[in-house]
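Sequence lines, in order, name chains A and B.
Just so we're aligned: 153 in UniProt numbering is position 153 of the first sequence, and the numbers increase by one with no gaps anywhere.
Just so we're aligned: 142 in UniProt numbering is position 142 of the second sequence, and the numbers increase by one with no gaps anywhere.
Just so you know, the hints here were simulated from the structure itself, not pulled from any lab data.
Computed cross-link-like contacts, DSS-like style, restricted to lysine-lysine with a CA-CA straight-line distance of at most 30 Å:
#1 A:421 to B:185
#2 A:248 to B:199
#3 A:86 to A:75
#4 B:41 to A:282
#5 A:276 to B:41
#6 B:185 to B:199
Note that this is a predicted model, so its numbers are computed, not measured.
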Amino acid sequence: MLPADCSRRLVAELRDALDACAERQRQLERNLRVSRRLLRTWEPAETPAPQPTPAPETSGEAPSPESTPSPQDLKELELLTQALEKAVRVRKGISKTGERHKALSLKSGSAAISATTASAPSRASGQASCRVSETKPPRGIQQTVVPARGLPECRLLSVGDRTRMGRGSRATKPGPGPRDQQIPPSAALQAPEAFTLKEKGADVDCWLPQPLWKPCSGLEGGSPQSAASLSTGFPDRILLRLPMAYRKAASRNSRLWAQLSSTQTSDSVDAAATAKTQFLQKMQMTSGGPGSGLSAAAVEAEVGLLRTACSLLRRRMEEVLSADPADCMQEYRCLLTLEGLQAITEQCLHRLQELRAAVAGQQLGPWPVGRRPGASLPCGGGTDPIWSPQLLLYSSTQELQTLEALRLRVAMLDQQIHLEKVLMAELLPLVGTQGPHWLALCRAVHSLLCEGGERFLTVLRDEPAD
Amino acid sequence: MGRRRRRVDRGAAVGALPEAIAALSRTLPAGPSPEIFRRAKFDRPEAAPALWQLLFRVLSPLSANGASAPPAQGEPPSTEAQVRVVKSELHSQGYPRRALAQLPEDGSQGSRELLLALAWLLARGPLLERLLAQTRVRLGDEIPLCECEALASPGPPVPRVEADGPVDIRHLQWLMGKLRFQWRKLITSQQEQCALLGKIHSYTRGCHSDRSLGHLSVAETELLRDAEGGRQDTVLGTCPPEASQPTFVPRIPEKGAGEWELVARELQALQEELRGAAEPRRAAWEARVGGWGPEWSAVQRASREAVGLELAALQRAWERGGAAAQPHGPCRLVKSDAGASGGPGLRAAQVIEVLRSREACLEAVLCQLQRQCRQELARLAGALPGLIWILPPGR
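Please take these sequences and the hints and turn them into a complete structure.
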C-alpha cells in the first residue's frame, strides 16, 4: 500500500488524465453522431398534407442505404450510369461555351417553371423541394422537374435515387399518368422526398436542368446530332446550395472580419497605441508598491520556456555524445559544444532561481493566493486572435486519418511524459525505502515507469542449491 | 498642425465616447448598460456588482489565453467566488493596483476601481477581438493545429470522489491500463470520423458558394439538412455551436510548486551530466594539445566562433518560443485534389511532417525517461543480493 498523500496525488493525476481522455471521446462521439446523421437518408420532417399519396411515396421511396436494391435495379443503374457518363463526356468535349448558354437558359427555364408553379400550393418557404427524375428511355419513367420557389435550390440526386424515386412516383401516382417531358406542377411540387448524399459520378458542374430535353436518342447515340440536342441542357446532377440568407450572412461576416483586421493596420492605431502605453504607465506609477514587473502568468510562461530549453539542450547533448569524433577538430568542437551547453544550462538554472524569488516576493500582499486554472502555454501566449481560420488542405481520406492519428499520438505522448515524470517523482523514493512487500512494489513500479504499464518483469529468488 | 489636430481629435473623441461605450456594452458578454459605466465613473456602489460579473465573465475563459470555457454547470458562482476569481486572475496577469485587492468580497463597492481594471485589460491586449474570436460561430470543420488553445480550457470540473486513504499500487496499474484502452478507443473513433468527414466533403463538392473552399463543412451540411426539413427558421439557429469545438487535450494540472521542482531537477540533472561529460574531455584535450604551436590558436578561434553561433541559434529556438514558425490556432479543413500549390492555406503533408518530427522528439524524451528509471531501479534493486531480475521480453 502506498502512503495516503502519495496515493491521493497519483490517483488524482491519473483520474485527470482519464477525464481529459473521456472529454475528448465525448466530443468525438458528438461529431460522429452528427456526421453519421448527415450521411444517412435525410428524412423530411413532416409529410405534406394536400398530397394524394404523400406518405407511402416518401416512405416507399426512401432510399435508405440499408435496403439493398434488387440485382435488376443494380443492373439498370449500371446501364444508366454508363450511359450518363458517356453522354457527359460527349457533351464536355463538344461545348465549353455551352456553359454560359446553359446558365442563361437555366434562368429562363426556372423562371418559366416558377411561373407555372406559382399557383400551386407550396410548402413553407424554408423548404426547398425540388426533385428531378431521370428518364430512363426504355422504361419511360416520368420526369418531374420542379424547382423551388424563389430560391435556386435543388437537391443533389444520384442516378440511383432518381431511378428509384422515379419508379416510386410512377407507381404511386396513377393520377397524372405516364408522362414524358411534361411538368406536372401540382403533383410533385410539395413532396419532400427523402434524400441521400451520394458519390458523384463524373465531375461536372451543372445547374438546374432544362424543363424540356431530349433524352432518348441522345443517350444511346452520341452522334453529333444528338450531341447538339444534349447541349441544350442535360441534367446530370443538381447541386445543393446553401440558402441565400446564409450566404448573405456569411459573406457579410467575412467582410466585417476583413474590415476589422484592416483597421488594425491604419494610422490611427499608432495614436491609440501611444495612448494605451501612457495609460498603462500611469497605472503602474499610481499603484501602491513597486511591481516586480513580472506577472504570475509571465513567470509561468518563462518556466515553460525553460522546460523546453532543458529538453532541447539535452537533445543536443545526446547528439554530441553519441557522435564519434573523426579527427581532432571535431573532438575540439564536441568539447566546446559540451562546455557551451553547460554554460547555458547554468544560465537557465540561474534564471529559474530569479523567477522563483520574484514569485515568492509577489505572494506577499493583500492578494488572494489562488491557483490559476490556466496552464502555461507552449505556444507563447499573447498571439493575435485568429481573424478567420486558415485553410488546411488535404487530398485524401488517408491523409486526413494520418494527420489526426499523429495529432492524437502527440497528445498521448505529452500526457504519458507528464505522467511519467509525476510517477517518477512519487514512486522512486518509495522504492528507495525498503518496506514490506518491497519486491512486489519494485516489480509494479518497474512496470509502470519503465514499460508504461504494459509489461512485467520477473523476479527470481536465487536460492543456493543445497 | 499637431496641436490643432489634437484638439480636433479630442473634440471628436469626446463626442465618440457615448457611442463607444454603447458599442462596448453591446459587445461584452453580460455587458452592463452604459448607465452602469456612467455610475461607475462616479464610484457609485450600485454599479459594482454588474462590473464584478462582467470582469468575471471576461476573465474566466480568458485565464486560458482565449480558449472558450464550456458554460459552467448549474448556477453561476456566487458573488464572493466571482470576486475571488477576478482578484486572483487580475493579480496573476500583473494588475498593479493594490486597491483592487482590498475591495470587499461581497462585491458591493469599488466600481471605479473595476472600471480602471477593465480599462487596463482593454489597453493591454486585444481583449474584444479575443472575446469575439471565442464566441464566433464555427462554420468549418476545424482542426486545431497547436494544442495551446485546447490545453488551456480545463473543461467542466468533474465532481470527483478523491481517494482519501492509502491505495494499492495495483489500483494505479489498473488506472493506467484503463487510460491506455481509452486512447485506443479514441484513435479508432477518430479514424471513423475522418472517414465520414472525407465522405461528406467529397459528396458536397461544388456546393459551396465560396470557390476557394469548394465543398461544405459538416456544420453547413447540417444547416442545409435542417433548413430543407423546414425545422429551422433562422440561419443562425441552424449553426450548431458544438459541431466543431476545438478538441480537448489532457489538461496540465495546476502548476504548484511541483512544476518548479520538476524543471529545477531536470536542469540540475542536465548540468551534472554535462559537467561529467565535459570535464574529462577537457582534461584529455589539454593534455594532448599542451605543446601545440600558435597556428593552432587560429583554428581554435574559428571553432569557438562556429560553436558559439550554433549554440546561439539553439538558444533562440526556445527563447522566441519556437512556435512562431508554426501555424497557430484552428484551421478549417478543406478537401482539395491535386494539392494546388499556389493557393493559400497549409498543406496536410507539411503538417504531417511537423507532427512526425514532434512525435519522434517526444518518443525520444519518453524513452530517455524510462531509461533513467530503469537505471535507477537497477541501482536500487542491486542493493539486495540474491535475486535475479528477468526483464520482460520485447526490449
